[in-house]
Amino acid sequence: MKELKLDEKTYFNKISFPSFERIKKGPVAIIECIEDIPCNPCETICKFGAIKVGFPITNLPILDEEKCTGCGRCVPVCPGLAIFVLDYNFNEKDCLLTIPYEFLPLPEEDEKVKCLDRDGKFVCDGKIIKVIPPERNAMTAIISFAFPKKYYNKIRSFKR
Amino acid sequence: MEEKDLVIIGGGPAGLCSAISARKKGIDVLIIDENLRPGGQLFKQIHRFFGSKEHMAGVRGFIIGEKLLKEVKELGVEVWLNSIAYGIFKDKIIGVIKDGKNTHIKAKSIIISTGATENPLSFPNWTLPGVMGAGACQTMINIHRVLPGKKVLMIGSGNVGLIVSYQLLQAGAEVVGIVEIMPKIGGYLVHAAKIKRFGVPIYLSTTILEGVGKDEIKGAVICPVDENFKPIIKRKKYIDVDLICIAVGLTPLNELLYQAGCLFTYKGYLGGLVALHNENMETTVENIFVAGDCSGIEEASTAMEEGKLAGIAASEKIRNKKWEEEKEEIRKHLNDFRIGTFGEKRKLSKEEIIKEYYERIKT
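Taken in sequence, the protein lines are chains R and S.
So in our numbering, spot 145 of the first sequence is number 145, and the numbers just go up one at a time.
So in our numbering, spot 305 of the second sequence is number 465, and the numbers just go up one at a time.
The shape of chain S in the complex, shown without the other chains (with noise of 0.2 Å):
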């Protein structure tokens, strides 16, 4: 069987970060991806990024993709693409689909970074074809330049409801509308902004109630909701649809961490059950890491920094060494991004995390 140190799994912004970080210490890598192209959700990204100059602020997403890939072809680090980890075994042997075909790898040390999956939602005629997931909108038309709709009801005004919103406008659909069951918008007022001066209308308080159509979706039934978020039935309003996106959050991608027989724990800022971690990504499991949306749904700008820092933790124990300072650096900036109405409450329940993961490692 073929042997590696380092084993990443997952291609995205956490685990190219990972690889480089790793790689530049010397460490054997090979990334696991089940996509035809590395890079994870980054090359959908059209939009700027927020942050500062050290972290690409203003950078568009698919820009630091191209870059992050550059790297890791410029490093040597071996890439399987098209090969599903469908399984972590004892002494960390992994089974994979490489091209259709099982085989299986052992790792020194494996890091998780399998990002995350969106959260479904349904309603009466949900699953005719004309609805579906925004991040699987966006992929389609920014990736495979397809738009899957005309007239587009947004269900979920959170960041991702508000951004594929603006990219659908900018793919050419309408948007008729977005709407929120809660009393005010999920996602920054910018982004909400940039769709309301065209005239994209954001309904708070209202709910979806139904999909309209035979053979695929012709509209859809919207409802206001009382303070209990129970739908005012007589206000209802139908409006014509060809598609109807979901964007009702993100649940971390994790089934391989509960196989590999990691710890876990529930917490909602973060998406749901995590992996518990300490302060190097490393999970209850030693030597398997964890970063990214997988151990928490947050944005590319963690996940890249976590991935740097479990790449070197990783190298740490692989190479028998230490860097203390590096590590510090980084996770100075993963507090640098966790601050505001947002980030607060991820930190918080990062370091809950940390805190757990010591009172029952012992135990």
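Chain R extracted, bound-state conformation (with noise of 0.2 Å):
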């Protein structure tokens, strides 16, 4: 049966995906959102001004790299669940990616998980880093969690 298939060529081009060179530079936002939504909350909340959005608010995010400091404060406030984190230089192996999460009960710190890639298929073991419980975000906890670095436009969730 033909099946509905996502991943990273889904939103190749698609998306203003920071380069390579910035990736390496340290913590920053990948939006995968590709359709014309009337929304624009990242926008608003962005105060380096790094996410554009502009008028009429069904264009697309765009990302300026240079702008944008990975500091998060987009994750949780994206209604499609669509804006993560990604520091590739999380230590000399793994990246770290941060995600929105909607899920009870929450992951702890330290716990191993799998790495799901966008297609929900496990693609290797991972580790969580970091839990921000749903409180801090009106109700969305934001999780960040580490795998190997060759994996960092793979993977975009994890199972317990």
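Among the clues, some could well be false.
[Unchecked claim] DSS-like mimics (lysine-lysine), calculated; alpha carbons at most 27 Å apart, straight line:
id: 1; chain 1: R; residue 1: LYS14; chain 2: R; residue 2: LYS67
id: 2; chain 1: R; residue 1: LYS159; chain 2: S; residue 2: LYS311
id: 3; chain 1: R; residue 1: LYS2; chain 2: S; residue 2: LYS344
id: 4; chain 1: S; residue 1: LYS515; chain 2: S; residue 2: LYS481
id: 5; chain 1: R; residue 1: LYS14; chain 2: S; residue 2: LYS213
id: 6; chain 1: S; residue 1: LYS492; chain 2: R; residue 2: LYS52
id: 7; chain 1: S; residue 1: LYS310; chain 2: S; residue 2: LYS378
[What the hints assert, rightly or not] Stretch by stretch, here's where chain R covers chain S in the computed footprint (C-beta under 8 Å, at least three residues):
id: 8; stretch: 211-221
id: 9; stretch: 348-354
id: 10; stretch: 359-367
id: 11; stretch: 492-501
Keep in mind that the hints were calculated from the coordinates and are not lab data.
The beta carbon of each residue, even a glycine, is placed where N, CA and C say it ideally should be.
Two chains, two frames, some hints: make the complex.
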């Protein structure tokens, strides 16, 4: 049966994906929003002016990779749960991905997890590094988890 | 018989907003709602809404619902709950079953904001327990906290199907798949991505052939379709499920508008037959207004704006005043929402409705 497939190609050339040079410099937002949705909280929340939607608000968000500090304030406000922050230099081996997470129970820091790609397929093992509980961001928890750098553009979620 | 300036039938997002805007104009308002709590579908919307800052973007639906209820209470709007408005008769007399007893109320003006109903989909065994509308399922998991199934098949990949699938995952169910008869998904890709990344398959060009089970649903047979939507039977597949959710669109709930004698038109992009109305949301029957999904299926955000518009317009007539600037501001907000792939078509349909209103009101 024909299935909807999602991977890095789904977003290739359709989003303002940060350049690899920028990714190597440190934390940066990755916005996987490729449809003309009338929505702009990411633009409103960014105090560095790094995300531009403009008018009409169906424009796709454009990331100014030099202005983005990877602070992650845009992560919980996106109603589409489509913004992540990638820290490529988390340590020598691993990168760190920060995602919005709306499931209970929450994982615990240092917990081992199975990292999944955009289709929910298992890719590799990973580890939960940081959990910001849901109360802090209007009921959206923010989870940061680490996994091998080579999968930085593949992994988008985890299962326990 | 009791008399009211303005009676609003249906206390969802449109009805609540129209009550608030009319009450602010000093109008005596009554809301009639058949449920035990007003708010319509808002309280089961646990996800964040799209939009901009001015339109409470990023706020979860039920939070918006709580805010509206608080405002309605503070303004002293009268609300009849557990009350079914069953008919609109001559001289705007409304028949209501209130707490099981028949009563009548006379209104100077009526706003009908009755919302919509889920479309059914028939297939063998669709009457068995274990087949339900996705919206009903959403009410069960998010309002009543009851999980109606553990292994779920969702039929339809519009935003309702995608969002309810995600919320079923949140509620602890396994969603074994979503089937979509079209070759592409009906809803937004971001909603699909949210469930894909947890491993839920979305089958395209696929339909359900039958539910399987004797006393309740135990499984389903799904099957790919060809370009003419004909099932390719030799490729059918059985899957174990105990719940089949139907998310194949909504139809405006507009019987009261028919009964009141309003003229209708057919608009496919708005969910079917809808009452003609002008730029004030007034139907072809003077002093009967319409707002929200029953005037065409859209979203809570547009329902709220239409409600405000109808509330002010009804107040203008009751008070014999004009608040044109306020109405113009609301129309601007409505246009802000009606953009993009989905919004643009609805905007055109709404414009056609207003045009047809003026053509047919003359004759």
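Structure-based check of all given hints:
1. R:LYS14 with R:LYS67: 20 Å, holds
2. R:LYS159 with S:LYS311: 18 Å, holds
3. R:LYS2 with S:LYS344: 10 Å, holds
4. S:LYS515 with S:LYS481: 25 Å, holds
5. R:LYS14 with S:LYS213: 25 Å, holds
6. S:LYS492 with R:LYS52: Distance of about 22 Å is within 27 Å: holds.
7. S:LYS310 with S:LYS378: Given pair LYS310 (chain S), LYS378 (chain S) holds - Cα atoms ~11 Å apart, limit 27 Å.
8. 211-221: Coverage by chain R holds for the stretch 211-221 of chain S (7 residues, Cβ < 8 Å).
9. 348-354: holds (count 7)
10. 359-367: holds (count 8)
11. 492-501: holds (count 5)
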